[in-house]
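**Student:** Sequence:
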Amino acid sequence: MKIYNKKPIAIFLMGTTASGKTELAIKLKKLLNCELISVDSAMVYRYMNIGTAKPKKIYHELIDIRYPYEIYSVWNFRNDALKAMKKISTSGKIPILVGGSMFYFNILLEGIAKIPVLKYKIEHYDKYYFLLLKKIFKKNKFIKKEINNNDIYRNKRFLEVYLNTNKFINFFWQKKNKENFPCEVIKFIVTHNNKDILYKNIFFRLNFMLESGLITEVEFLKNMKNMYLELPAMQSIGYRQVWEYIDGKYNFFILKEKLLAANRNLAKKQKLWLRKFNDAFWLDACNPKISDYFIYLLKSNISRYWIKKYNI
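Residue numbers for the sequence shown, in the numbering used here: -9 to 302.
To be clear, the hints were calculated from the coordinates, so they are not data collected in a lab.
Check the hints yourself; a few may be wrong.
Stated by the list, open to error - Cross-link-like lysine to any residue pairs, in silico, SDA-like; alpha carbons within 20 Å at most:
hint	residue 1	residue 2
1	111	76
2	259	272
3	190	248
4	76	177
5	125	147
6	177	261
7	248	225
8	266	182
9	111	150
10	-3	172
11	190	246
12	111	68
13	246	177
14	19	47
15	177	248
16	212	230
17	177	47
18	190	201
19	111	177
20	266	110
21	266	132
22	177	13
23	125	79
24	259	144
25	146	258
26	258	193
Unchecked claim - Pair ranges (Cβ atoms, derived):
hint	residue 1	residue 2	range
27	132	104	35 to 45 Å
28	239	293	50 to 60 Å
29	194	259	17 to 27 Å
30	206	250	18 to 28 Å
31	184	259	31 to 41 Å
32	287	124	38 to 48 Å
33	244	83	40 to 50 Å
34	184	77	35 to 45 Å
35	299	198	37 to 47 Å
36	128	291	40 to 50 Å
37	258	202	21 to 31 Å
38	128	37	21 to 31 Å
39	291	220	25 to 35 Å
40	258	299	37 to 47 Å
Glycine included, C-beta positions come from ideal geometry on N, C-alpha and C.
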């Protein structure tokens, strides 16, 4: 489907962990008249570099914009991403949004629910509240799947919304605010057709992170003022497990097993999300000419007006 309208173009470059999407984005930055926007819920935090495989050489919008003890919501992300897209488009360049936080990509397109101001806040979330949460949401199959024993911030949010409004949070999710999206989006997905290659990449990447000082990085974060394990930043894969390892909950061998399992599970969840983007172009990460194929697909799906405007 060719894009002929006069809305600026934006590119979504999505993929599982360790798929090579960031490397492709950096190649495209050198080949196209574009700027990069990170779509990663962990890369927004400063000092979280090794565990997020944060790119160093090429500038990305929305990287290092919060301290790890600060809360950064999907609402914050959507506002910041839309502003960055508008800024890049106005400058005559293509915004390429790259990352693995599929929920963030979805929120960008679908909009976000407007939840009323919550007067009652839970100050100290404990086992009592968790039991209450499970009891209240027992019959709500949708929310029941979303409850995570370790994600205290998210659990508190679900409970606070219900206690203040007497409605489940998915009631508000169904009433998403879909204001006009500023760009026409072309979606690309980078993936490994061979699962064994993906798992091998995850294994080598994990070892590289540990050798590069992931444990030291988490120790530094742990010693920062206002830091505690239940913060959203510390729910990022790798950080929670290493924090618990430092606390002596398990040995180094078990830590590696937990990290490997968590990354594999993440890749599986990401693939489930990716299948929802029906109109996306799928790219084989093992293709040595992946950047050439990307540009071919891009030129084949936009009008001459945009090819000329962006000098593709």
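**Student:** Look at each hint and say if it fits the structure.
**Tutor:** Right, here's what the structure says about each hint:
no.	hint	in the structure
1	111 to 76	violated (35 Å)
2	259 to 272	holds (17 Å)
3	190 to 248	holds (16 Å)
4	76 to 177	holds (18 Å)
5	125 to 147	holds (15 Å)
6	177 to 261	holds (15 Å)
7	248 to 225	holds (14 Å)
8	266 to 182	holds (17 Å)
9	111 to 150	holds (6 Å)
10	-3 to 172	holds (7 Å)
11	190 to 246	holds (14 Å)
12	111 to 68	violated (24 Å)
13	246 to 177	violated (34 Å)
14	19 to 47	holds (11 Å)
15	177 to 248	violated (32 Å)
16	212 to 230	holds (10 Å)
17	177 to 47	violated (24 Å)
18	190 to 201	holds (17 Å)
19	111 to 177	violated (39 Å)
20	266 to 110	violated (36 Å)
21	266 to 132	holds (17 Å)
22	177 to 13	holds (17 Å)
23	125 to 79	violated (48 Å)
24	259 to 144	holds (18 Å)
25	146 to 258	violated (26 Å)
26	258 to 193	holds (15 Å)
27	132 to 104: 35 to 45 Å	violated (19 Å)
28	239 to 293: 50 to 60 Å	holds (57 Å)
29	194 to 259: 17 to 27 Å	holds (21 Å)
30	206 to 250: 18 to 28 Å	holds (20 Å)
31	184 to 259: 31 to 41 Å	violated (19 Å)
32	287 to 124: 38 to 48 Å	holds (46 Å)
33	244 to 83: 40 to 50 Å	holds (47 Å)
34	184 to 77: 35 to 45 Å	holds (39 Å)
35	299 to 198: 37 to 47 Å	holds (40 Å)
36	128 to 291: 40 to 50 Å	holds (47 Å)
37	258 to 202: 21 to 31 Å	holds (25 Å)
38	128 to 37: 21 to 31 Å	violated (39 Å)
39	291 to 220: 25 to 35 Å	violated (44 Å)
40	258 to 299: 37 to 47 Å	holds (39 Å)
Hints 1, 12, 13, 15, 17, 19, 20, 23, 25, 27, 31, 38, 39, counting from the list given before, are not met by this structure.
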